[in-house]
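Undergrad: Chain by chain, the residues run as shown.
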Amino acid sequence: MDALELKYVVERDNFAQAGEASGALKKTLKSLGFPPDLVRRVAIAMYEAEINMVIHAYGGEITATVTPEKIQVVFADVGPGIPDIELAMTAGYSTATADVRDLGFGAGMGLPNMKKYADDLDVQSTIGVGTTVTMTFLTQNG
Amino acid sequence: MKISKIAELLDAEVCCCPDLLDTEVHSGCGCDMMSDVLAFVKDRAVLLTGLANPQVIRTAEMMDIVCIVMVRGKAPTSSMIELAEDRGIPILATKMRMFSACGTLYNAGLLQEGGH
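Sequence order for the protein chains is A and B.
My numbering puts the first residue of the first sequence at 1, with every later residue one more than the last.
My numbering puts the first residue of the second sequence at 1, with every later residue one more than the last.
Honestly, I wouldn't trust all of these hints.
Unchecked claim - Short, incomplete list of chain B residues facing chain A, as computed with Cβ under 10 Å: (1) LYS5; (2) LEU9; (3) ASP11; (4) VAL14; (5) CYS15; (6) VAL37; (7) VAL41; (8) LEU51; (9) PRO54; (10) GLU61; (11) MET62; (12) MET63; (13) THR104; (14) ASN107.
These are computed hints drawn from the structure, not numbers from a lab.
Beta carbons are placed, not taken as given, at the ideal position from N, Cα and C, and that holds for glycine.
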């Protein structure tokens, strides 16, 4: 199998649509025959990142590259950026507003969950420009 | 435990996917914060929540959660029902509060089948 590249657009402030890309990739990975545990790890981590793009940034683009050995998902948003990435990685730390908490998010578990489920997580951020999150998942064929 | 048994124990209304009530549930999770739900993978779980927005269904979809119970008399929105029908995730609605609903399922042996 050659590398399969999939692109998704995440719209600004479209909370109801957040998760559409994660669900779509989950379906694709499942149909490609990847193990259910791996598919679930990718879906959960991706969903957290997708939610972040909507609640913290102004939307962005997701690029997933799938090969038999690994699945890499890159989330590039346009947004305020993260001033202190280490602090943002702390479980329970959140800058989400009360409105976001009312929707069931903003528990400060987004980045920690991504780190937990991905085999590798890289976060690059520039204040006032945006954040790029890269997650890598190794398949058992690697 | 089958979803139909959960509906009976919680005196719950079936809001969608009535054809999937024979699905087996192995564990449960009661939570209103979706990120907390996403932090711990459960095996074929039922999610009990008082939150009523489409992200409840999306969370269930990502986690392979097999059933959602809305507690405290909350009703699912039409967009939740539409999404749940599409994803094949039954939604039940009960008037019971979270604590009583979780306790009832626990007492009936739900978490002894592979949950924590």
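Undergrad: Please go over all the hints and tell whether each is borne out by the structure.
TA: Comparing the hints with the structure gives:
For B:LYS5, the interface hint is violated, since its Cβ never comes within 10 Å of a Cβ in chain A; the closest pair sits about 25 Å apart. Of the supplied interface hints, the one on B:LEU9 is violated, with its beta-carbon coming no nearer than about 25 Å to a beta-carbon of chain A, more than 10 Å. Hint on B:ASP11 is violated. Least Cβ distance to chain A is approximately 25 Å, over the 10 Å limit. This hint is violated: B:VAL14 has a C-beta 23 Å from the nearest C-beta of chain A, more than the 10 Å allowed.
The criterion of a C-beta within 10 Å of any C-beta in chain A is not met by B:CYS15, whose closest approach is roughly 18 Å, and the hint is violated. Restraint check, B:VAL37 versus chain A: the minimum CB separation of about 8 Å is within 10 Å; hint holds. Among the interface hints, the one on B:VAL41 holds; its C-beta lies about 7 Å from the nearest C-beta in chain A, closer than the 10 Å criterion. For B:LEU51, the suggested interface contact is upheld, since its CB lies about 5 Å from the closest CB of chain A, less than 10 Å.
Checking B:PRO54 against chain A: minimum C-beta separation of about 5 Å stays under 10 Å; hint holds. Interface hint status for B:GLU61: upheld, as the beta-carbon distance to the closest one in chain A is roughly 6 Å, under 10 Å. Residue-level restraint check for B:MET62 holds (minimum Cβ-Cβ distance to chain A is 4 Å; threshold 10 Å). Because the smallest distance between the Cβ of B:MET63 and any Cβ of chain A comes to about 7 Å, under 10 Å, the interface hint for this residue holds.
Hint status for B:THR104 relative to chain A: violated, with the closest Cβ pair at about 23 Å, above 10 Å. Restraint check, B:ASN107 versus chain A: the minimum CB separation of about 27 Å is more than 10 Å; hint violated.
When each numbered hint is compared with the structure, violations occur for hints 1, 2, 3, 4, 5, 13, 14.
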